[in-house]
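Listed below are the residues making up each chain.
2 protein chains.
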Amino acid sequence: MGWDALFASRAQRMRASEIRELLKLLEQPDIISFAGGIPDPALFPDEAFRLAYQAVLAEAGAGVALQYSVSEGFPPLRQWLVGQMAGIGIPCGIDNVMITSGSQQALDYLGKLLLSPNDTALVTWPTYLGAVQAFNAYEPRYDRLTPGLGNVTPAAYADGARQAGGRVKLAYLTPDFANPTGETMDRAARERMLDLADELDIAVIEDSAYQALRYDGEAVPSILALDIARHGDIEKTRTIYCGSFSKTLAPGLRVGWICAAKPVIAKLVLMKQAADLHSPSINQMAMHHVAENAFAAQVVKIRAAYRHRRDRMLAELERHMPEGVTWSRPEGGMFIWLTLPEGMDGAALLARSIETARVAFVPGRAFHADGSGGNTIRLSFSLAGDEAISAGIGRLGRLIAAR
Amino acid sequence: MGWDALFASRAQRMRASEIRELLKLLEQPDIISFAGGIPDPALFPDEAFRLAYQAVLAEAGAGVALQYSVSEGFPPLRQWLVGQMAGIGIPCGIDNVMITSGSQQALDYLGKLLLSPNDTALVTWPTYLGAVQAFNAYEPRYDRLTPGLGNVTPAAYADGARQAGGRVKLAYLTPDFANPTGETMDRAARERMLDLADELDIAVIEDSAYQALRYDGEAVPSILALDIARHGDIEKTRTIYCGSFSKTLAPGLRVGWICAAKPVIAKLVLMKQAADLHSPSINQMAMHHVAENAFAAQVVKIRAAYRHRRDRMLAELERHMPEGVTWSRPEGGMFIWLTLPEGMDGAALLARSIETARVAFVPGRAFHADGSGGNTIRLSFSLAGDEAISAGIGRLGRLIAAR
Numbered sequence: 001m002g003w004d005a006l007f008a009s010r011a012q013r014m015r016a017s018e019i020r021e022l023l024k025l026l027e028q029p030d031i032i033s034f035a036g037g038i039p040d041p042a043l044f045p046d047e048a049f050r051l052a053y054q055a056v057l058a059e060a061g062a063g064v065a066l067q068y069s070v071s072e073g074f075p076p077l078r079q080w081l082v083g084q085m086a087g088i089g090i091p092c093g094i095d096n097v098m099i100t101s102g103s104q105q106a107l108d109y110l111g112k113l114l115l116s117p118n119d120t121a122l123v124t125w126p127t128y129l130g131a132v133q134a135f136n137a138y139e140p141r142y143d144r145l146t147p148g149l150g151n152v153t154p155a156a157y158a159d160g161a162r163q164a165g166g167r168v169k170l171a172y173l174t175p176d177f178a179n180p181t182g183e184t185m186d187r188a189a190r191e192r193m194l195d196l197a198d199e200l201d202i203a204v205i206e207d208s209a210y211q212a213l214r215y216d217g218e219a220v221p222s223i224l225a226l227d228i229a230r231h232g233d234i235e236k237t238r239t240i241y242c243g244s245f246s247k248t249l250a251p252g253l254r255v256g257w258i259c260a261a262k263p264v265i266a267k268l269v270l271m272k273q274a275a276d277l278h279s280p281s282i283n284q285m286a287m288h289h290v291a292e293n294a295f296a297a298q299v300v301k302i303r304a305a306y307r308h309r310r311d312r313m314l315a316e317l318e319r320h321m322p323e324g325v326t327w328s329r330p331e332g333g334m335f336i337w338l339t340l341p342e343g344m345d346g347a348a349l350l351a352r353s354i355e356t357a358r359v360a361f362v363p364g365r366a367f368h369a370d371g372s373g374g375n376t377i378r379l380s381f382s383l384a385g386d387e388a389i390s391a392g393i394g395r396l397g398r399l400i401a402a403r
Numbered sequence: 001m002g003w004d005a006l007f008a009s010r011a012q013r014m015r016a017s018e019i020r021e022l023l024k025l026l027e028q029p030d031i032i033s034f035a036g037g038i039p040d041p042a043l044f045p046d047e048a049f050r051l052a053y054q055a056v057l058a059e060a061g062a063g064v065a066l067q068y069s070v071s072e073g074f075p076p077l078r079q080w081l082v083g084q085m086a087g088i089g090i091p092c093g094i095d096n097v098m099i100t101s102g103s104q105q106a107l108d109y110l111g112k113l114l115l116s117p118n119d120t121a122l123v124t125w126p127t128y129l130g131a132v133q134a135f136n137a138y139e140p141r142y143d144r145l146t147p148g149l150g151n152v153t154p155a156a157y158a159d160g161a162r163q164a165g166g167r168v169k170l171a172y173l174t175p176d177f178a179n180p181t182g183e184t185m186d187r188a189a190r191e192r193m194l195d196l197a198d199e200l201d202i203a204v205i206e207d208s209a210y211q212a213l214r215y216d217g218e219a220v221p222s223i224l225a226l227d228i229a230r231h232g233d234i235e236k237t238r239t240i241y242c243g244s245f246s247k248t249l250a251p252g253l254r255v256g257w258i259c260a261a262k263p264v265i266a267k268l269v270l271m272k273q274a275a276d277l278h279s280p281s282i283n284q285m286a287m288h289h290v291a292e293n294a295f296a297a298q299v300v301k302i303r304a305a306y307r308h309r310r311d312r313m314l315a316e317l318e319r320h321m322p323e324g325v326t327w328s329r330p331e332g333g334m335f336i337w338l339t340l341p342e343g344m345d346g347a348a349l350l351a352r353s354i355e356t357a358r359v360a361f362v363p364g365r366a367f368h369a370d371g372s373g374g375n376t377i378r379l380s381f382s383l384a385g386d387e388a389i390s391a392g393i394g395r396l397g398r399l400i401a402a403r
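Top to bottom, those sequences are chains A and B. Just so you know, the first sequence maps onto residues 1 to 403 in the working numbering. Just so you know, the second sequence maps onto residues 1 to 403 in the working numbering.
So that you can see chain A by itself, here it is in the shape it has in the complex (with noise of 0.2 Å):
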């Protein structure tokens, strides 16, 4: 069977991405690793959702959590949602909110709405390597959002992506601790995003991933309560929010949501109809149950071990990290981004450091959809301890210093 001759262009493309098949290659016991970026599961409230999945499958509940459902997703959880939408300064209804599995599928359903072949995404380099893979699919062309979001003009921009055969439609970004380089973008800078899309006239895909993961500073507005105080209503903003679960409460049930205007939601329920009829039904209710008795408490408690758990790789950075070496202070998620010594290549390092040092992180080129970055690399700080961090912080630093 020739399988290629079949697949359609866009499934030609798919290839399975360095940085997965490398984080494959790390799981050897004796490996110190800051190379994944999950949450850790000794943080899970498992006590919450022992207790939820047998309330949503007690006798009465049982049909309903076992059947079919409504592809907007479990009317009691998007509403626990809207509440929590306005929490954050963004007033909207129901209709606003649907649930998707995971904010993974978020971005892939965006990228089916949003991109024809040869339109243009915006985004960051570096960026979330999985939003990338997921408009791949739809076969955009990219364009750069560079960090101060000042020093390419929409006109340049757009004419870009015209004589690339399209338009610009969308641009995609992570505003609170951005995976990877934990890095957030100031109030100002998510203006300026509003005022290019305004003249653009695209979505802003705003990525609220870890949003909820703030370790000190003050909360800067999200864009899209940004966009509802410019123009004073969800429905006349072109912000798509895009929430999950996955890094407070659980990844493995698979469930985020969608905030945006209604028309984008209609569409994304039709589009989720077609493609997977519903989210689980079981795993709605129960994140549901769990949401109303836990959530609070949860983010107070991973917030403290995770904060604790920066601080001492920051501590153990300023420890270790010989001259030339830079790194971010993120003000919450998972991760610091490093750079190295001017020539020093992340890649190359990582070889080194899994044969002698033995501690693993992520090269940053795989971050850039150019192939820049050579000379940083993320580190995750999400799943090691307080000894793994100092160990592996001295070793990585003695193996930098060594060159």
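Among these hints, one or two may not hold up.
Claimed, not checked - Straight-line Cα separation of at most 16 Å, EDC-like style, residue types lysine to aspartate or glutamate; simulated pairs:
| # | chain 1 | residue 1 | chain 2 | residue 2 |
| --- | --- | --- | --- | --- |
| 1 | A | Lys236 | B | Asp4 |
| 2 | B | Lys236 | A | Asp233 |
| 3 | B | Lys262 | A | Asp4 |
| 4 | A | Lys262 | B | Asp4 |
What the hints assert, rightly or not - Which stretches of chain A does chain B cover? Using the computed rule of at least three CB atoms under 8 Å from a CB of chain B, they are:
| # | region |
| --- | --- |
| 5 | 49-58 |
| 6 | 61-68 |
| 7 | 101-108 |
| 8 | 193-205 |
| 9 | 247-254 |
| 10 | 263-271 |
Hints were generated in silico from the structure; no laboratory data involved. The model shown is predicted, which means the values in this text are computed figures rather than measured ones. Just so you know, even glycine gets a beta-carbon here, dropped at the ideal spot from N, CA and C.
Use these hints to put chain B onto chain A, whose structure you have.
Positioned in the frame of chain A, the structure of chain B alone reads:
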């Protein structure tokens, strides 16, 4: 915000399906409904699911059940499915099986894998509406697989596809107890399907959602089993088998699977990684627990229950339908397909029925890509009790007779 101008062309085409909109209107409690084609929740193995979620969330395993997992699916569940597939004449290995979020997701991914705009998908008319909706996102055209699969030459299919600007990529069909007709393809028709696919060099998507629900008659080998018998090895086949637990154990967990040659599975796993990372870990583990402990007994139980309802509905049709009405006699599944006297319209009959007889069903035109099938209707017997079947078919027969 002028959202329409931002939506990709595939999204512009998405429409709420007439049939699903209709079902929403039919939820009044005094209506006897033969409309919804969903399993009876009273038959779900509730207790087995309660035990399963308890087991997977027990102290030791909760961290795994609630955590991220691999895109191909929970290995023990895939291994269990390898055993099931072997049992129906499909010898394969674990790398031939991946988990999807229901077989609806399998259909979406297969459209994404195979269809470029203007490619041709061959489907029967009538066909499962959800398949056409899933494929529509990838902008194919459709050509008709005729029931006997014999009256259009391969060259004619290929020419039509070429003239439309693409090529024939796949044939989609439900060989056992199809939705909506309830009909089963005999072995000769399945072999002819493979002949046609060989000549056209296309993929065959075998939707086996109802396969386990056989109430009498002899099982016909699956198309993938016949394809393996021809070529000696699943790696040499062109058939992609889509299975589901939705009709046997429960749909609310959204667990289905694809079984096919490794190059297909490998591409689909990359696609899934980019689209939703993985199906929920906890549900795959729970489904594995229930499959191991309760699958065989559950299938015996639901076969008996649905067989009884089918028999009852067939007997009542015999008793109450006037001259000129004919219907399918399905050996399994959930549906009976009824052909009204020439010139009588199913949609008009439904409108009258809701008004007077208070019996609901789905007009057959909804299942035809070309708008034909006006004088057909689909009756589902999966949800109705004895009295409802007798009363509903009686009223419907009198309404048809009274025209």
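Could you check the structure against the hints above and give me the numbers of any it violates, in ascending order? The structure breaks only hint 2.
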